[in-house]
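Asker: Each chain, written out:
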Amino acid sequence: MSSKPHGSNNIAHARRMVQQLRIEASIERTKVSKASADLMNYCSEHARNDPLLMGIPASDNPFKDKKPCTIL
Amino acid sequence: MGEMEQLRKEAESLKDQITAARKAVQDTTLQEAAAGITVVGRVQLKTRKTLRGHLAKIYAMHWAVDANLCVSASQDGKLIVWDTITTNKVNAIPLKSSWVMTCAYAPSGNLVACGGLDNMCSIYNLKGKDGNVKVMRELAAHTGYLSCCRFLSDSEIITSSGDCTCVLWDIETGTQKTVFAGHQGDCMSLAVSPDFKFFISGACDFTAKLWDIREGVCRQTFGGHESDINAIGFFPNGNAVITGSDDATCKLYDLRADQELITYQDSSIMCGVTSLAPSLSGRLILAGYDDFNVNIWDSLKSERVCWQVMTTE
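Just so you know, the protein sequences line up as chains D and L, in that order.
Residue numbering for the first sequence follows this note's numbering, starting at 1 and increasing by one per position.
Residue numbering for the second sequence follows this note's numbering, starting at 1 and increasing by one per position.
Quick caveat, the hints were computed from the structure, so don't treat them as lab data.
Hints may be right or wrong, so weigh each one.
[Claimed, not checked] Listed next, the in silico DSS-like pairs over lysine-lysine satisfying Cα-Cα at most 30 Å (straight line):
#1 L:LYS23 <-> D:LYS34
#2 L:LYS9 <-> L:LYS23
#3 L:LYS57 <-> L:LYS9
#4 D:LYS31 <-> L:LYS197
#5 D:LYS64 <-> L:LYS57
#6 L:LYS177 <-> L:LYS129
#7 L:LYS89 <-> L:LYS49
#8 D:LYS31 <-> L:LYS134
#9 D:LYS34 <-> L:LYS301
#10 L:LYS96 <-> L:LYS23
#11 L:LYS89 <-> D:LYS66
#12 L:LYS134 <-> L:LYS89
#13 D:LYS31 <-> L:LYS57
#14 L:LYS197 <-> L:LYS177
#15 D:LYS34 <-> L:LYS89
#16 D:LYS31 <-> L:LYS15
#17 D:LYS66 <-> L:LYS46
#18 D:LYS64 <-> L:LYS96
#19 L:LYS49 <-> L:LYS134
#20 L:LYS49 <-> D:LYS64
#21 L:LYS49 <-> D:LYS66
#22 D:LYS31 <-> L:LYS301
#23 D:LYS64 <-> L:LYS46
#24 L:LYS15 <-> D:LYS64
#25 L:LYS49 <-> D:LYS34
[Claimed, not checked] Now the stretches of chain D that chain L is said to cover, found in silico as 3 or more residues with beta-carbon under 8 Å:
#26 23 to 30
#27 34 to 42
#28 50 to 57
Ideal Cβ positions, reconstructed from N, Cα and C, are used throughout, including at glycine.
Sequences are here, hints too, so could you generate the full structure?
Answerer: Laid out in structure tokens, this is it:
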């Protein structure tokens with residue numbers, strides 16, 4: 001990236017920075033206890049549908065090769 | 001006091017305000033809240049399919065919404081659309097520029113996109129009338145490489161670039177609808193929220209930013225990483241963001257608490273994270289590293305989960 005010229009561009013950049021910080025400072029924040037609880041609840045509610053946690057029955061697994069029947 | 005000095009003081013004051021506001025809601029930590037949960041036990045994996053066909057490094061892949069088809073981009077100059085069940089190549093699309101770094105599948109399944117060192121995002125129509133896949137649009141305006149792209153629909157796509165900006169494009173007209181400027185370093189990766197209202201970007205300025213797509217503004221900035229952020233993704237409920245960095249760590253930031261909740265790190269891991277994805281429930285985070293390894297993290301406990309590849313049923 002080319003370096004910015006001095007002078008008015010620096011002021012414009014600083015104004016944009018302050019404007020952006022004002023936006024970010026003004027948001028409402030939820031308590032970490034609530035945010036954490038919600039993450040934990042989501043994980044436990046959806047655990048049974050997570051194949052990496054629960055495995056997946058062979059009949060539901062589209063990637064499992066269907067073995068041909070062998071006549072004994 | 002000159003205006004520059006005033007602005008500097010106001011910026012410092014606002015930064016202190018943000019730090020204080022984040023601390024004010026820190027009534028606990030995720031570690032404490034999850035103290036009663038047991039770490040996930042061993043995860044067993046089995047290789048089901050190997051998709052062979054690319055002749056050079058594969059830089060990116062993206063699943064279609066049906067989780068059946070996927071697209072991959074290789075520096076052999078091809079995009080390949082795979083049927084992952086049969087391992088058949090549905091399409092093998094030759095690219096004008098072989099220096100491809102990213103690819104994306106549209107939610108509709110009708111389009112794919114890619115881009116890289118050509119600074120452009122090329123859109124391909126998979127469902128053209130004559131059956132041939134050809135370039136539908138070339139989205140050119142970025143002054144740096146295309147690091148990532150993600151479709152919102154068949155008519156809109158978001159790109160991230162080495163020119164430090166992200167852009168929302170109107171595919172029909174090939175024009176920029178919104179430029180998302182603010183990062184102070186190359187944008188490396190982006191992810192769209194499940195409700196399509198926001199997207200997050202990770203950059204070489206060590207921060208992740210949350211952008212309001214329609215308003216065109218950055219709502220939140222997350223710091224803490226000590227090097228470039230290469231990979232970024234949403235927690236499945238859209239309320240948290242996961243990042244992977246050259247500083248060898250991944251972090252989870254909660255959007256509503258506006259702060260980092262946990263860092264996934266281990267003193268034995270000393271190389272950068274290049275890609276990541278959460279499992280369906282969000283409980284596991286799979287992260288790819290520069291040493292060619294994948295580590296699986298328990299997202300709530302910040303501990304590595306043991307995993308093994310089963311060779312027998």
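Asker: Out of the numbered hints, which ones does the structure contradict?
Answerer: Result: hints 3, 8, 10, 13, 15, 18, 24, 25 break, sorted rising.
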